[in-house]
Amino acid sequence: MVEMLWWIVVAICFFLSFIGLIFPLVPSVLVIWVGFLVYGFGIGTFSDLSVWFWSGMVIFTLFLILADIIASQYFVKRYGGSKWGERMAAIGVIVGSFIMPPFGIIFVPFILVFVTELISIQQPGHAFKVAIASLIAFLSSTVAKGLVQFIMIIWFIVEVFLA
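Letter 119 of the sequence shown, counting from 1, is numbered 116 in the numbering used here, and no numbers are missing.
Since the hints were derived computationally from the structure, they do not count as laboratory data.
Owing to the predicted nature of the structure, the values given are computational and were not obtained by experimental measurement.
Check each hint, because a few of them may be wrong.
Here are the in silico distance ranges between beta carbons for each label pair [claimed, not checked]:
id	residue 1	residue 2	range
1	I9	I62	19 to 29 Å
2	L27	I88	19 to 29 Å
3	I5	I116	42 to 52 Å
4	G37	Q70	42 to 52 Å
5	I108	F147	27 to 37 Å
6	M1	V92	18 to 28 Å
7	L63	F125	23 to 33 Å
The beta-carbon is built from N, C-alpha and C at its ideal position, and this holds for glycine as well.
Assemble the whole structure, with the sequences as input and the hints as a guide.
Rendered as structure tokens:
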């Protein structure tokens, strides 16, 4: 019975990691690691999981942490956005997660980047392109993070049940 409760906690952690894709204030990768730790301390042992697993999880974790930064900088710079546009995109994601989630997380950064670039460059077409670029950056990094999180969880399941 106790083991079943621990598995429920692990499953909830994994589920919450995907909620973190919509609400960035939920630290997705950290919640996955909490699930791993709950397993290690409550159900099995850490040695049940291979060195390859732990190495892979560290690499995936670093990728997840860098995904937003890299995607945002790449897309905003590629379309001629300013440093302030990049900053407003990041602020917009945080603020947007509180305003009409999950739609706010899409629209608030878009609007902030558009207004910032419009004030900075005063060219509506260019400001719109940069705002679209920030939107593409957010969506692409979210999809990438979701896939990586899914791989991490599947790898964990394979290690625990099939190894």
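A quick look at each hint next to the structure:
no. : hint                    : result
1   : I9 - I62: 19 to 29 Å    : holds (22 Å)
2   : L27 - I88: 19 to 29 Å   : holds (21 Å)
3   : I5 - I116: 42 to 52 Å   : holds (50 Å)
4   : G37 - Q70: 42 to 52 Å   : violated (35 Å)
5   : I108 - F147: 27 to 37 Å : holds (30 Å)
6   : M1 - V92: 18 to 28 Å    : violated (39 Å)
7   : L63 - F125: 23 to 33 Å  : holds (28 Å)
Of the hints listed earlier, those the structure fails to meet are numbers 4, 6, in rising order.
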